[in-house]
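Colleague: Based on the provided sequences and hints, a complete structural model is requested.
What follows is each chain in one-letter form.
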Amino acid sequence: MTARNRASVPALDPRAKIVAMVAALILCVSTPAQRYTTFAAYFAVLVAAFALSGVSARVLARRLLAVLPMMLLCAAFIPFLHHDTVGGGYSLSFGGLHLSRSGLLVLWNIAIKASLGVALVTLLNETTPFPLLLRGLEQLRCPRLGILLLGFCHRFLFVLRDEALRMKRAADARGFQGRWLWHAPVVGRMIGALFLRGYERGERVYLAMASRGFNGGMPAAETPPALAPADRVFLGGALAVFLVLRIALP
Amino acid sequence: MHIPDGFLSAPVAAAGYAASAAVLALAVKRSGQTLEERQVPLLGVTTAFVFAAQMLNFPVAMGTSGHFLGAVLAAVLLGPLNGCLVFAAVLTLQCLLFADGGLTALGANFFNMGVVGGVGGYALFRLATALLPRSRRGFLFAAALASWISVVASASACAVELALSGTVPLGLVLPAMGMVHAIIGIGEAVITVATLSVILAARPDVVGEWRGPSPVLLVGETSS
Chain P
12 MTARNRASVP ALDPRAKIVA MVAALILCVS TPAQRYTTFA AYFAVLVAAF
62 ALSGVSARVL ARRLLAVLPM MLLCAAFIPF LHHDTVGGGY SLSFGGLHLS
112 RSGLLVLWNI AIKASLGVAL VTLLNETTPF PLLLRGLEQL RCPRLGILLL
162 GFCHRFLFVL RDEALRMKRA ADARGFQGRW LWHAPVVGRM IGALFLRGYE
212 RGERVYLAMA SRGFNGGMPA AETPPALAPA DRVFLGGALA VFLVLRIALP
Chain X
50 MHIPDGFLSA PVAAAGYAAS AAVLALAVKR SGQTLEERQV PLLGVTTAFV
100 FAAQMLNFPV AMGTSGHFLG AVLAAVLLGP LNGCLVFAAV LTLQCLLFAD
150 GGLTALGANF FNMGVVGGVG GYALFRLATA LLPRSRRGFL FAAALASWIS
200 VVASASACAV ELALSGTVPL GLVLPAMGMV HAIIGIGEAV ITVATLSVIL
250 AARPDVVGEW RGPSPVLLVG ETSS
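Which chain is which? The protein sequence lines are P and X, in order. Each residue of the first sequence is one higher than the last, beginning at 12 in the numbering used here. Each residue of the second sequence is one higher than the last, beginning at 50 in the numbering used here.
FYI, nobody ran anything at the bench for these hints, they're computed from the structure. The C-beta atom is built at its ideal place from N, Cα and C for all residues, glycine as well. Accuracy of the hints is not assured; some may be wrong.
[Stated by the list, open to error] With a Cα cut of at most 20 Å, we get these calculated SDA-like pairs of lysine to any residue:
no., chain 1, residue 1, chain 2, residue 2
1, X, K78, P, G157
2, P, K179, P, R200
3, X, K78, P, P154
4, P, K179, P, F169
5, X, K78, P, L156
6, P, K179, P, P196
7, P, K179, X, Q103
8, X, K78, P, I158
9, P, K179, X, A243
10, X, K78, P, R152
11, X, K78, P, R155
12, P, K179, X, V247
13, X, K78, P, C153
14, X, K78, X, A68
15, P, K179, X, M104
[Said to hold, decoys possible] Derived Cβ-Cβ restraints for the label pairs, each shown as a range:
no., chain 1, residue 1, chain 2, residue 2, range
16, X, G257, P, A221, 19 to 25 Å
17, P, L250, X, R186, 58 to 64 Å
18, X, P224, P, P80, 16 to 22 Å
19, P, M220, X, L176, 34 to 40 Å
20, P, L176, X, L221, 36 to 42 Å
21, X, A251, P, R180, 20 to 26 Å
[To be verified] If you want the ones that stay clear, here's a sample from chain X, every Cβ over 10 Å from chain P, calculated:
no., residue
22, A67
23, L75
24, R79
25, L173
26, A179
27, L180
28, P182
29, R185
30, M228
31, R260
Modeller: Here you go:
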């Protein structure tokens, strides 16, 4: 995934962005649901960050849609949750179902936190090309095997995805509708073919790498340079803003 | 089944991370003995494969569709521990690249799909192959059974975690998730069997758990 914008955020060190994102995420998720002012402030900060970095809201909207099914699933159970009226709340009841204040609070809690989480992750990966993100994670001392695996996977991801989409297009062109469960074997055979093609590609790649002297290690990462002043300012600023919002606001 | 941020309470999310870290540490340690780092490219391609396979949606009933999970397939092809590594990489990429599944819920998501679905499903698969006749048919039936149960078990684990976090009431959500995924699981089982039989027909040597006859090597093909 390439960064689609050339604003100031992409120029920052990935390490600073990763640490800032993770810290902001943990602070957001750990905020009690009733602190509406704090959430409004988080929202404002994120709107500003999106505007500054030039990340398109369309990408964000598409990803938020992906969270919706899980949200609806939980929302469907809200009427059955907590038959109470906490703190002078209200209880609307229809046909034995109750819409209680604490039930609504649960819904609000998951909706706002899931959205903030998606927004923060989107902000990070839309402003950081994935190889740089991986290098940042490596410099932050994440396990090397994991980084190596993620790197290889990312390299083949789009190749295999295109392969899968070509198969899907071929099936569509032959009138495959896939509307019922008994059409699933067709998808199964497509996945089998996909595996074989992918696996054999992997073997070829490994042999090509082995013939060029690959013996398991990647060139050792050079000692990571210290964070530049701009990165320090960004990291310090981001941490300070989210900490203040998390602690100070009602 | 990917849990977003905010759906889990802090203790549940932390427990998910702790359990996942323990399993992954074991997988990395054991694979350090059996898997050479040389095989990482192959493992990387397999990870990309699981990722791409999950993009092919299959229909469940009118309108709704489920997608392939592939936990049992990965474990049967690569062994449970490599399957775990593959799933950890798939979920991390989905989280970091597409914001699919929350970063704070990543531990729990891996626990549900990689550990409960993958390792649990694999254990069941081994049990079933031990009981069933040692034939292609028995092998595929064991894979079908294990993959159906892996989907239902993953969904149930997800429901229990959501309930422990106070997001949903357990008594209602567990049967609901179980029933929906009992149907999705049929699709999973059918796809796993179809996939495995294609691979068994073309390259039985790459199915790690297959103990049946090996293919006749073609002249000029490398045997390693």
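Colleague: Determine for every hint whether it applies to the structure shown.
Modeller: Evaluated hints:
As the CA atoms of K78 (chain X) and G157 (chain P) are separated by approximately 12 Å, the hinted pair is consistent with the 20 Å bound. Of the supplied pair hints, the one linking K179 (chain P) and R200 (chain P) holds, its CA atoms being roughly 12 Å apart against a limit of 20 Å. Between K78 (chain X) and P154 (chain P), the direct Cα distance comes to roughly 12 Å. Compliance with the 20 Å bound is thereby established for this hinted pair. Simply put, K179 (chain P) and F169 (chain P) have alpha-carbon atoms about 15 Å apart, close enough for the 20 Å limit, and the pair holds.
Taken as a hint, the K78 (chain X) and L156 (chain P) pair is honoured in the structure, with Cα atoms around 11 Å apart against an allowance of 20 Å. Annotation: proposed proximity of K179 (chain P) to P196 (chain P) holds, straight-line Cα distance about 14 Å (limit 20 Å). At roughly 13 Å between alpha-carbon atoms, K179 (chain P) and Q103 (chain X) fall within 20 Å of each other, so this suggested pair holds. For the hint linking K78 (chain X) to I158 (chain P), the alpha-carbon distance of about 16 Å falls within 20 Å, and the restraint holds.
Annotation: proposed proximity of K179 (chain P) to A243 (chain X) holds, straight-line Cα distance about 16 Å (limit 20 Å). With a C-alpha separation of about 17 Å, the suggested pair K78 (chain X) and R152 (chain P) falls inside the 20 Å cut-off, and the hint holds. For the hint pairing K78 (chain X) with R155 (chain P), the CA-to-CA distance comes to about 13 Å; that is within 20 Å, so the pair holds. Restraint check: the Cα-Cα separation between K179 (chain P) and V247 (chain X) comes to about 17 Å, which is no more than 20 Å; the hinted pair holds.
Taken as a hint, the K78 (chain X) and C153 (chain P) pair is honoured in the structure, with Cα atoms around 15 Å apart against an allowance of 20 Å. In summary, the hint linking K78 (chain X) to A68 (chain X) is supported, as the alpha carbons are separated by about 16 Å, within the 20 Å threshold. Restraint check for K179 (chain P) and M104 (chain X): the C-alpha separation of about 10 Å stays at or below 20 Å, so the hint holds. Judged by the Cβ atoms, the range 19 to 25 Å given for G257 (chain X) and A221 (chain P) holds: they are separated by roughly 21 Å.
Between L250 (chain P) and R186 (chain X) the Cβ separation comes to about 60 Å, which falls inside the hinted range of 58 to 64 Å. Judged by the Cβ atoms, the range 16 to 22 Å given for P224 (chain X) and P80 (chain P) holds: they are separated by roughly 19 Å. Between M220 (chain P) and L176 (chain X) the Cβ separation comes to about 38 Å, which falls inside the hinted range of 34 to 40 Å. Roughly 38 Å separates the CB atoms of L176 (chain P) and L221 (chain X), a value that falls within the hinted 36 to 42 Å.
With their beta carbons about 23 Å apart, A251 (chain X) and R180 (chain P) fall inside the hinted range of 20 to 26 Å. Every Cβ of chain P is farther than 10 Å from the Cβ of A67 (chain X); the closest lies at roughly 16 Å, confirming the non-interface assignment. Chain P leaves L75 (chain X) outside its interface by the beta-carbon criterion, the shortest separation being 13 Å against a cut-off of 10 Å. With a least beta-carbon separation of about 12 Å from chain P, R79 (chain X) lies farther than 10 Å from that chain, consistent with its non-interface assignment.
With 10 Å as the threshold on Cβ separation, the claim that L173 (chain X) sits away from chain P holds: the shortest Cβ distance comes to roughly 20 Å. At the 10 Å boundary, the C-beta of A179 (chain X) stays outside the reach of chain P, the nearest C-beta of that chain being 25 Å off. The beta carbon of L180 (chain X) sits about 24 Å from the closest Cβ of chain P, which is more than 10 Å, so the claim that it is off the interface holds. Annotated as non-interface, P182 (chain X) keeps its C-beta farther than 10 Å from every C-beta of chain P; the closest such distance is 23 Å.
Every beta carbon of chain P lies more than 10 Å from that of R185 (chain X), the smallest distance being close to 14 Å; the non-interface claim holds. In this structure M228 (chain X) is separated from chain P by more than 10 Å, as the shortest Cβ-Cβ distance comes to about 13 Å. Listed as outside the interface, R260 (chain X) is consistent with that label: its C-beta sits roughly 19 Å from the nearest C-beta of chain P, beyond the 10 Å cut-off.
Violated hints: none; the structure is consistent with every hint.
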